[in-house]
Each structure stands twice: as structure tokens, then as C-alpha cells.
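Undergrad: For reference, the chains in residue letters:
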Amino acid sequence: MLDASEGYVTEDGRQIGGVVMEMKNITLRFGGVVAIKDISFDIREGEIRAIIGPNGAGKSSMLNVISGFYIPQEGEVFFHGEKRPQMKPYEVARQGIARTFQNIALFEGMSVLDNVMTGRLNNMKSGLFAQALWKGKAEQEETENREVVEKIIDFLEIQHIRKTPVSRLPYGLKKRVELARALAAEPKLLLLDEPMAGMNVEEKEDMSRFILDVNDEFGTTIALIEHDMGVVMDLSDRVVVMDYGKKIGDGTPDEVRTNQDVIDAYLGVSHD
Amino acid sequence: MPDSLLFGTEVVLNGLMAGVLYALVALGFVLIYKASGIFNYAQGVMALFAAMTLYGIMVGQVPFAHLINAIFGTHIHHFGWEVPAIIAIVLTIAVMVLFAWLVQQYIFRHLVGQEPIILFMATIGLAYFLEGVADLMWGSEIKALDVGLPQGGSFWIEENTQWMGMGNENFYGFFLDQLDLIATVIAAVLVIALVAFSQYTKQGRAMRAVADDHQAALSVGINLNFIWVLVWSVAGFVALVAGIVWGSKSGVQFSLSLIALKALPVLMLGGFTSIPGAIVGGLIIGVGEKLFEFAIGPLVGGATENWFAYVLALLFLVFRPQGLFGDKIIERV
Amino acid sequence: MAQTQSGAEGKQSLPALLHRNATQYGSAPAYREKEFGIWQTWTWSQTEKEIEALALGLINLGVNEGDFIAIIGRNRPYLYWAMVAAQSVGAVPVPLYQDANAEEMAYVLQHCGARFVIASDQEQVDKVIEVQDQLHQFEHLIYLDPRGLRKYDHHTLHQYSHVQDQGRAAYDEWITDLNERRSKLTYDSTCVMLYTSGTTGKPKGVVLSNRNVIESAKNASDFDKLTEKEDILSYLPMAWVGDFIFSVGQAYWCGFCVNCPESADTMMTDLREIGPTYFFAPPRVFETQLTNVMIRMEDAGTLKKNMFHKYMEHAKKVGGDILDGNPVSTADRLKYAIGNTLVYGPLKDTLGLGRVRVGYTAGEAIGPEIFEFYRSLGINLKQLYGQTEATVFITVQPDGEVRADTVGVPAPDVEIKIDDNGEIHYRSPGTFVEYYKNPESTASTKDAEGWVATGDAGFFEENSGHLRIIDRAKDVGKMADGAMFAPKYVENKLKFYPDILEAVLFGNGKDRCVAFINIDLTAVGNWAERNNIAYASYQELAGHPKVLETIQSHVETVNKSVAEDPMLSGCQVHRFVVLHKELDADDGEMTRTRKVRRRIVEEKFADIIAALYDGSPEISTTTEVTYEDGRKGSISATLDIRDAAVSSVAAKLAAE
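So the protein lines, in turn, are chains V, C and F. Anchor point for the first sequence: position 35 equals 35 in the numbering used here, and the numbering is continuous, going up by one each time. Anchor point for the second sequence: position 162 equals 162 in the numbering used here, and the numbering is continuous, going up by one each time. Anchor point for the third sequence: position 376 equals 376 in the numbering used here, and the numbering is continuous, going up by one each time.
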């Protein structure tokens, strides 16, 4: 494992810190189908790390392994240098790993504000009885949480839909609300599953800007999956390239772009 | 005021009280349905079980006495002590929480993601199983539950409303059962508490989140199992309240579990997913069936209370399938 | 005209008025802004301190008297303070349109030679940085929101709050200087410089003095009896003269509170929460609000819908008369009062107009039905006619004399005359000083006696003394047979249909008129949805046969009404086309204030106009478009050309 004090400086001068998460020799099978085959890589503090590959390469499976939705048959996951035992998704979330979904999983019946507030459930400490008995303390906690949430709402420019039920929002805004909810947890690691899927050019640019700003403003470590090469290359510091469940490249966008295996995979394999 | 108006008013008031009780039972259904998509057929039996347990604890009955006696040839039936109502209620709540945990741990945890009909069948099974366990634990005889709720007509109301008759000699003031009045207050407090719980507490918020989207709930760190146990516990608590009120009124007996069937039309009226709907639905049915019996009953030979609620529900199904407050059913082409 | 040299109540500048307000209304709210979901408030005395800190900071940064300070961003208290702080240090504030692209911005910054720019956020900062090589005088950039700017080179970049901090720290060093500069301000010092969007050519910098601003603000406030108790919502572009007069001039004169929305998108919500008492909106805003109400009513339950329509009918009958103080029967008044409880009141509150005492609309003609709708609800909506060069007010409608088709009587202290060509001229204390660095234009607009040509043609109604505007003077032309050609007149009639967003009429020097039409995507899209008409794009919807049919019926109705006026009957639309794209400021087809640039449209779509005249049934065309980020592309389409029925005029009078 890499030394935690080790890091690097990005092209635009950001200091990237030690390893936050390390995946070691992960293999994931569904029945006889191998979705991920012996993959290792790490995610460092403060960086934007992308996992790319053609459709069906196993990117989403990898994200689901990180967030605990899938349990790999082989391999180990290290979080902050400690080996992570088998965990339920909610336990992973409580460790400070927040995520969004490719197909958007929001609470459709709730308002935008309520949705984002649920992102802070784990940051609320008062127990059930404490909430009933010490009303003042619970209220103060609620106010503090609301403050954090309002800053995020402001940051992502969704003030105008604060009270709107999520079900009434267009797709692009839903994606943004989902990002807001994930951010509300003040995560140590933010996982984005195809944040730009299904968006038009303008929405994609907005989303890219938000991702960069989040990383810049809050110093959030971000791992994202995307199959649109162009967007990813502009956005990320380091890229893992997957194809047919295997890792075929890992490095800075420039390194990956000139990697022969990657070129072959992207030219030889049809992708959309 | 003319006679018919005075009596009509009294009928409406009584109907409201009955409606409150319907609403109480319907609430239990709504809670579980919203959070887990399970239509809990066993809700009525839970009320019966809770009331029997409360009675058993209060009078110091030995659980499973018949079973123990049959196996060991002993003749135990009571411990010989009596437990004050308030402590017995706390103990019963504990039993209902344990029940909730068992149900989740051994039944529904294994059925996550199954078709609604499978879940529904499971609750039917649960209902009959629970009914058997209840009989085995506490015996099947009718029990007169008395937790100290006042009974009989309220003289105070009768005396203080007599003037409304304005000298009408047939009018002695409104007759209202004290138990009904207390039940109304209890129901109101319960509803306010439930709403406050779901709106303002962390667990309540998590409960609403789970009701909305499981995957999203997981991703924000909500333990689904815990929430489901919580929901079943709350439903158990609501069942206990309903059991106490109905049990005090007409004794703890098997028919108590049938009130679940009365809750069905209430749900159809109010919508399966709406707490206010359950309350308004309960009140409408309560008042509606009493008024109908009062006005139309004599013309058709009475006993309209048996079917009025179902006919009303049927009409609703035809004209407004989502109920009064239910989520609008929108079909897109 | 007697021009006072002492200034109104001896207050000759904005800093002087600020000081009076801080003394007189110290603890009353001066500014509110919603941030992080909560309304933040600054009192007048806090405001004075904030502005002073900024002014000191500006001196500290090296602002000299006579410098120009450009201010770019959405309406925020901080930017309003910047305008007053700029004047406090003897500099001239120049607010710019925030949606201007970098090129337009470069022109203005260069023209006024701004040494300092105060910008709201990264987006604006980026634009300035992009063009800074072209700006020789530009030195320092101050920004408000630090988001995304952390990594920028901070040699010439300063955060607003830091400038204020430095100002506070350097209080002892600069306060004498600041006091000196403030005391030098006179009634003839420049108060602000505003660039007119200009329907043709490059924008011109209109220099307004303290006299212009304060006298105009005072007169208009007296006219409508405004007090320090008013609340206004400031959401219109800060670079527009109207916003400067309402949110700075009148706010400082009266001492009332300026409320800033949380963001452009939350304006409607914020409007509801603030409930302004004095409100200005261009017709477009009222139209949108009405459309939204109508759409919501379509989806409402039967009971609600019936109640709404029943009482709106009644309001239409008597609401306007009640508002104007005309006699109305007691029964009708009673019914109106019930309607007010059930419908009008709740509706006004939803619209955020429940507390409006004085409301104005201007800039464009407002549809009579829209205008009447708001008046019938009991909202005192009025019209005014104004210009940047007049510091807004030329004519206004007095309470009780409000009509949809006039713009009112001359505002206090304004003289008006109409020349032989029908062009309106005015002279007032608000008459601008000059166009900056443009003596020729100044001379051609303002004569030696101070009369300003408005460029609008109009006439006074004989009986009422109200002014009626026909069109831009230069747009009023003659058709081949000598009949009057008044495009705006017809276009406005067309635009009163919710389905039609924009219309452009051609026919100057021709034998008949033809028109371009833009559909309104919201209204038509909603209609399409309700009628199960599928469409993938604006272009497809605009070309849908059913849409064309609807538009045709609108055009034909308008033709009938145009034909009623013998002088203008030649302006009926013989043929029209529904355009495949919206006319857009980014493509130069409109100004930033959304006025059509006729010449540019005429050149750009020459092929379509030709087809309209040569009788072809359709035309294939390709148009270049500019996207928001500045990239260019093109769209091609084949457009149906429609013939519209024209009403014949019995006696075809030769005009004049």
C-alpha cells in the first residue's frame, strides 16, 4: 500500500493527498458471469477520479462494490488505511461515502428541501427520546443542519425549487438535487454514477462546472463513472479504464489517452 | 330546535365517535402500507392480541397455562398478583415491539422485493398464526378489559345541553358515552403524536424516506431493517390503543379482530397512503352509517350498518379509485 | 423653467440623501435580500456604514475623482451600495447589463474607460478577464461571490468584503479625504451613467446628473404619494434607468426599502413573500403571470374553475370602475366584496400583488385584456411613458384616469410638444446632460433650448389630454400608395395573443404588408400538451399545421380590427410566416431589452421576405444561430407561407 503522506500536485496546482480508498484485487461474479476481474486501484484525497469504459465494462458494478451495494467474491477494500469488513450499503454511507445513481433515486414524494435534508440524517445525533425531551437541543440541531443544507442549495443554484415536490422536476434538475442530497452528508468520498447521462450539452457543462466547484470549494474527494470520454478527460485528475471487467489503463488523462490498449478498446469496441 | 334535528345531531355526534375508532384501526394499516408496501391483514388480530396480552398481564395470568398444564399435569393459571394498568400497558408495548422485531426478522426480511400479493398472503398467515398463539397464551374466553377508562353516559353533557331543546319535553340533553369521548381524545393525541413523529424526528424522516424509495434510503445511510421494525412497532402500538378502546367497550373477544374488515372501506375512502385520509375516511363512515341507519334504516327494515360502509366504498372505487387523499393515479400513454 | 440650485430640501447628492435617511429612519429597513433561504435585513444606519466602508476601501485602492466604476451583476444590496459608494468618492457608477456578452461588455468598458469594475461572480469576472487586453484604462476588478475564484491571479482581483475591511482599517487615513470628496458633490455632478441598449448602432452612454435623478424621483414620488413605508422588489436589470430611479433615486428620496430576490429564478416566490406596495414590471411579466394563472385554472377542479370564472366575469364588469371611483351599484359592490374574499384576494396574494398600492408597466404596449385583468382585481396598475434620456418620466397616468390605450398626461414639470411629423419632444428637469463622448448625437437629440426628440410618434387625445403613442417615428413609413405604415401598431395587436410572442411587420414602400411571427413556447406548448399534439422541438411546433391554423385565425381577427381604422387599414397582413427560431438577443435580432432590431431582421431573413412577396407557397432557408456559450451553428427549415384574409375598407382614404 502507498504511504498515506504521499501525494501529488495536479496540473492546475491542487495538492492531492494520501490514499482515501484502495481497492485490492477485486473480483465480482454474478453466477457464471464475471463482472469485475481482479481489479486494483486507489482514490486519493482531494482528487477527481474517473472510472471509464464502454457500456458493459463493469464500471457500475465497481461503483456498487465501493458503496457496498455489491459484495465482491474476492479482494479487499481499504478505507482510510483500514481493511473494510463486509458491510451493508447503509453502513458504508454512515462511514462518509455518499453516492448518486445513474437512474436517479430520489424521494419523489418529498420536496427538494426534504430530500436534501435526508442527506443529513447521519449527521443528526439526538436519539428518539432526546428529541422528545430536550426540544431545544433538537431544534438547534435542526437549525444547524438546515444551514448546511441551505448553503448547498445555494451552491447548486436550486433555490427556486426548494419547496417543489421532486416528482415535478425535469430530469436535469433531479440530477442536481440528487447531487445536493449526497453533498449534504458532507461526505469524505462522493461517488457519482454517470452524472451526465441523458443530458444535453448545456446541462453537461453545468454539471461539469458543479463537480469541479464542489471539489474546489469543499475539497471533496470524488469518484465518478462516465462513458462520455470527452467530459471525463476534462474533468478528472486520474482515470481508470475498464473493458470487459478488466482494468486496461490507469493514469492521468494524457497518459490514458495515449495508452494503446485504451485506444484499441475505444476504437475496436462499439460504444455510444 | 325540532325533535328530528336534535336527534339527528345526537346521531352525528355518536357517529363521529364510532368513526374515530374506525380511523384508529385504519391508521395502523396506513402506517405499514406506506413504509413497506405491505397490506397488513393481521392488523385486526394484532389489536386483539395486544388487548389480550394487556388483560393477561393486568390480572396476572400465566401465559400458555393450558399448554403447560397439559404437558406437565400442573394446575397453574394465575401468578396471584395484579399489575396496575399503566405498568401493564408499558409491558404490553414491550411485547408488541418484540413482536415487531420477530415479524421482521423471521418473515419479512426474507421477503424483500417480493410481489405485493406474496406479502399479503404472508400477513394472512401471520394473522391466523397470531390468533392461535393468542388463544394458546391467554385462553379464548371473553375478557372484560378495564384499564380505568370511564364508562357510561356523560351526565355533565346531558345536563348542560338540555337547554338546547328549548322546553322540548322529550329532550333530556345529548347522550354521549364517556368512553367514546375519551377515545376521541386519545385518537386525536395519537394522530398528532404520529404526525409530529414523522415530520419532526430523525426516525420519522427516515421512515418517510423508506416509504418513498428503498435504494435512495440505503444510500443516505438508513438501516431499512431498523425502520421496518420501528414501523411494525408503531403499528403494534396503534393496535394496542385500538384494542384498549374496543376491549373496554365490548370486551376482549375474537370479534375484535374483525374490526379490521371495517377498516377496509375506511381505507378505500381515505386512500391507502394518507394519514389524514384514514381519519377523515373513518369519520365519514362512522357518521354516514349512523345517519343512514337513522334516516333510511326504518324504511328498509334496519341493519343497514352492516353493509352501508361497503357500498359507500364501492361507489368510491368506481368514481375516485385513489380515495379522497390518496396519491393521484395518473396513467400515461 | 425655474431650476433650483439648492437641490430638493438641500440634498444635492445620493450620499447626502443616504445620510439624511440614516439619521431620520436609522432603524428602518433599507435593504433586504434572501440568502440561504432567509431574508437578511440592513437598516439605513447599517447601510450608511457599509457604504462608507466600501467608499474608504475604494479610495484605498486608488479610485480618483472622475473615474468610472463599472458595476455588473444581478440586483443585490452590495451592488446598489457600490453605486452610492462610487458617487461618494467622486467617481461615476456605470451599471452594465449582466447578460451582455464579453464583446458588448468590452465596448462599454472601453468607451467609458472604466478603471475599476465591480462584478457579482465568477461568470462576470470571466467575461471581464476575457476582454481585459482590449481595455487600456482597466486596473482593478472587485468581485462579490468568491466561489470558483480562489485560484485566480489576485494581483488585480479583490474580494468585495476585503475591500470593505481594508476601508474600515484605513478609516483614519482616508476619512478626511472621503468627507472632502463628498462635500464637493453638487446638483450638477454626474450621478450615474447608463448605456442605452439602442435599437440601432452601438450603445450610447447617457450622463444623468444629481439634479436629473433627484428631481425626477421627487416629482414622481409626490405624484403617487410614496412614503418611506413602501416596499419594492428590485429584479429588473440594474443597468436599466427604471431600476436606477425606483431602486436608487426614489428609494433614497423617500427612504423606502429595496428588496432583492434570492436568484432570478425565485423572483415569483420572493415577490409573494415580500408583497411589494410599489411595483414595476414590463408587460411581459404581467403576461407570464396571467398565463400561469390561466394554466393553473385549466388544471383546477370544477368547483374552483367555475367560481373563478364567475367572479372574474363580475370583476371585469365592475372592478375597474370601483378602482377608478366611478359609481357602482351597492349590489355589485357587495358581490365584488364577496369575490374579493373568495377569489381576488387569494389570487392577488398568490401573485404577490396583494399589497400593491401603485403599480406601473411601461416599455412596451400592454394587451388591453391583460391590463384590465389586473385592474379588475383591484390592483392599481398604471402606465407611464419614459426614456433613459428623460430620467424615465415623460408622461404618467394619474390615479382614476387609467386606460389601456394611452400613456397618460405629462409628468410634473415636464413640457411636451409634438412637431409637424408627429414626433414627440419633451423638456424637463430630468432631461439628460449629454451622451458621453458623443457630442454629435447629443446635439441631434437635444436642441439648444433643451428640447429632446423622443423618436416616437404620437398625439394628444383632444378630450382627455392623454398622450397616445403610435410607433417609433422613424418606423412610421409610407406604403406604395401613400397610406401610413405603422408596424408597431399591428405587431402589438398580434402580440396581445398569448400564443404570439413576437411579430414583425414589413411593408414600407410596398403595396401590401407581410409579417413574421414567433410563437410563445409556453402557451402553445401547453395547448399542444392538452390536445395531445406531440412535438420534439420549437421548430417542429412552430411548423405544425394546427398551430399555423390558430395563428392564421389570430392574424385575420387582427386584420379586421386594423381595417376599422381607415388611416391604418393598409397595414393589414396579407401573408405571414411562423419563424422556425425565436428572435434572440444573442443573434443580434433583438436588443437586450427585447426590442426587435428591424433592420437586422430584414437583412438576415431577406430570402423569407422575398418569398412572402413573390407568392411562393413555402421557402427553404438556413439561419445562423449563436448558442449561449458563444458557439455558432445553423438551423435549416422549410417554412409554410400562409395567406390571410384581408378585410376590405369601404372607402379607401388616402392618408393625410
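Rather than coming from a laboratory, the hints here were simulated on the basis of the structure. One thing to keep in mind: the hints can contain errors.
Just the calculated beta-carbon pair ranges, DEER-fashion [unchecked claim]: (1) F:Arg272 - V:Glu74: 56 to 64 Å; (2) V:Asp254 - F:Lys632: 56 to 64 Å; (3) V:Lys163 - F:Glu313: 53 to 61 Å; (4) C:Phe155 - F:Arg272: 21 to 29 Å; (5) F:Glu313 - V:Arg209: 44 to 52 Å.
Computed from a predicted structure; not experimentally measured. C-beta: ideal position from N, C-alpha, C; glycine also.
Undergrad: Output the indices of the hints that this structure fails to meet, ascending.
TA: 2, 3, 4
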